Amino acid sequence: MDLASKLEKLSLQLVQKQDYLYSVTVGFERLESLLLSFLNEFGYITLDSINCRDDLEDGFFTITYCLQTKDRDHVVMVQTKIQRENASLPTMHTIWPQAEIMEREMHEMFGVDFPGHPTLIDFALEYWDNMPPLRRDFDTLEYVNSMNPFREQRGDALDAKEEMKKKREAKKAAKLKAQQEAEAKAALEAKNNPSDEVKNEE
Amino acid sequence: MESGFYGSSTDGSLKCKFEESGLANTHDIMEKAVRWFRSRSIFVVAYGTGCGAIEMPPTFTSRYDAERMGVVGVATPRQADLIILSGYLAYKTLRRVIRTYEQMQKPRYIMTLGSCPINGGMYWDSYNTIKKLDDYLPIDVSVTGCMPRPEAVIDGFVLLQERIRNGEKAGWEKYDENFEFYKENQKRVLGGHIDPSYETDWYNLKSGGKA
Chain A
1 MDLASKLEKL SLQLVQKQDY LYSVTVGFER LESLLLSFLN EFGYITLDSI
51 NCRDDLEDGF FTITYCLQTK DRDHVVMVQT KIQRENASLP TMHTIWPQAE
101 IMEREMHEMF GVDFPGHPTL IDFALEYWDN MPPLRRDFDT LEYVNSMNPF
151 REQRGDALDA KEEMKKKREA KKAAKLKAQQ EAEAKAALEA KNNPSDEVKN
201 EE
Chain B
1001 MESGFYGSST DGSLKCKFEE SGLANTHDIM EKAVRWFRSR SIFVVAYGTG
1051 CGAIEMPPTF TSRYDAERMG VVGVATPRQA DLIILSGYLA YKTLRRVIRT
1101 YEQMQKPRYI MTLGSCPING GMYWDSYNTI KKLDDYLPID VSVTGCMPRP
1151 EAVIDGFVLL QERIRNGEKA GWEKYDENFE FYKENQKRVL GGHIDPSYET
1201 DWYNLKSGGK A
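Chains A and B are the protein sequences, given in the same order. Going by the numbering used here, the first sequence opens with residue 1, and the numbers climb by one from there. Going by the numbering used here, the second sequence opens with residue 1001, and the numbers climb by one from there.
If you are wondering where the hints come from, they were derived from the structure by calculation, not from laboratory data. Note that the structure is a prediction, hence the values are computed from the model and not measured. Backbone N, C-alpha and C fix where the C-beta goes; we use that ideal spot for every residue, glycine too. One or more of the hints may lead you astray.
To be verified - Derived contacts from chain A toward chain B, CB cut-off under 7 Å, selection only:
1. F123
2. E126
3. P133
4. S146
5. M147
6. N148
In isolation and in its complexed conformation, chain B is listed as follows (with noise of 0.2 Å):
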């Protein structure tokens, strides 16, 4: 009866324990268990925008070998829990991340790579690229560096991994506490043409389509 979360002892011994270690009862207790499952099972959509995409495939071949840590690359963003974005975006780019990200299944979580979502990089003058991508969209961890090597990636990955155990807020609460912010920033550079439209409610169309 001691073993799995379930089980409460005769003399309360096991409750003891719990409450010692701030544990007050066995939700919390699941969600630990839940957090530490998830944080070592990461799958990743490796979205290559730009230059970083060039550190995907040793990131998570034999050489570095991702995989040791639980992160494994998947081919669609509903099946992944982290998209990485490596490198500067154009809005045409921005369009469809925007549309990536939100077709992944929550919990979700954001990582870059390069100086160029953080602040434009060598692309801050260009005319047709966003400089900070953290007003469109939540970021949870990003990787500095032009471009960051391998070792970097997976300091990237063993962060986020804390981040997710320790239970900190992770960027798709926040993306979902501010969704006019980030929306209004959406429309201000893409001009309101982002699709699905959020004008429509696609799922109540006979009743008039109005969200």
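Bound-form chain A, shown alone (with noise of 0.2 Å):
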């Protein structure tokens, strides 16, 4: 494919995900220029999103680039690596706005630093002063039961998985009698009233 050889020359390499999907791995130092290379020569000149996932046991935080042709039928993602401490990222907005907004949700989810960023301020979150909510060794759950304690039981409780095998075993002991019931029913209405062949002979 013609991306993968211009991409070789840059010694990186092209790996296909899907029909249309394709990803790339670069080092932090050439980041940059590999996305204004993207948007000026190759023609990827949208920026659909940028994600991060917390590595927590390499110690790194993987952020991904998503970048789209225009006429909307390759998409390239261009995946690198930095240190999860004092994370740090260059900011995109010049070129792409809408990273203005992508980059201040990443910066309050994962506190990752954008130098230059006009707007680094609280985004979904107000007055938070906690450790990045999104990050995987922030203890949500303990966080949560600090802050929200639940709500104490009226002490009626019940265990439904007994509860519904009590119901189950009153329905077929219901249902047995029932049938037991009417088998009897039957069987007086035939001692009671003779058979047709009785009638008919008499």
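Can you join these two chains into the complex? Each is in its own frame, and there are hints to help.
Laid out in structure tokens, this is it:
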């Protein structure tokens, strides 16, 4: 493919994920120049999204820039890795205006810094003073339990499994009883009323 | 002379009639009448938080027609008697809801839809959603379900009307009585950033502005 050979000149490897989706991994130092060459030379003019994945065990964030062509027929994911501690990325809002709000969200949710970004203020959260909530070392459950304790139960809570079992057994017994009653009734009727054959003979 | 609430008969027969029905004086009669009228004229501001907002249009339009019971929607909280909170509340939303509720004129009532305002619902472990709304605001009627159908919402209206008619203690009275309790809880989750600030007396700014 054309793009693959172009990237090979830059000693980068293009990996096909789906028939329209490709990915390329690049070092942090060459990220900005690669994004610019995707925009200016390869025709990937739209920035769809900037995503962040927290690889806590390995100690880095995986950042993915999704770029799309003008004809909307190809998507390339440009991936790079940055250190988790004091994470920082070059801001792209001068090239793609939509990057401003994506970077703002990433700053709020993961604590990634963007030097030169004009509006790194609160986005969805207000007055948040804890660790950024989507970092994996943020203990959500502990935070929730400390902020919002559970409602006290009324004390009449029942075990759903046992209750359903009891209900099923009761239903079964009722069905069996009804069946037996119907059988007994039929037998009684047969006893009281002589059968049709006997009637005819008489 | 025998019609109307201030009527007094010369032979005292009217007085006896009122005493029989447990109404001691004209003030009580007036109160009962006012409560009845109030219950039949509930103006609602539908604060659409969460997914329950989708139950509002069928409730108020021709299919279920809440207006036949005197329940009408209005645009602003200052005109409203009842605020409907129809789902989970994030901290950010709670801040606005508190402000909206305090703008409403008394008597004011709160109705919640769904299980999220009661115990958090499916958002019980969210880092940004409150679990028990009644810690922060007094709730008059909770309609349960996820989501409640318009019939259930109307049932909630009927229950609220009954409570108003019977003169039961409403949420806004509890809010005034336990104001410190509610404010403490609100400050705990909102970090004290509640507008307008209650440290400032906005009406007496010249005299220092200390409430």
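Each hint, compared with the structure:
1. With a cut of 7 Å, the hint placing F123(A) at the interface with chain B is violated, because the nearest CB-to-CB distance is about 11 Å.
2. At its closest, the beta carbon of E126(A) sits 5 Å from a beta carbon of chain B; the interface hint therefore holds under the 7 Å criterion.
3. A cut of 7 Å between beta carbons decides the hint on P133(A): the least distance to chain B is about 5 Å, and the hint holds.
4. Given hint, S146(A) at the interface with chain B, is violated; its Cβ is 10 Å from that chain's nearest Cβ, farther than 7 Å.
5. A hinted interface residue such as M147(A) counts as satisfied when its beta carbon comes closer than 7 Å to some beta carbon of chain B; here the least separation is about 6 Å, so the hint holds.
6. Interface hint at N148(A): satisfied, since its Cβ lies 4 Å from the closest Cβ of chain B, which is below the 7 Å cut-off.
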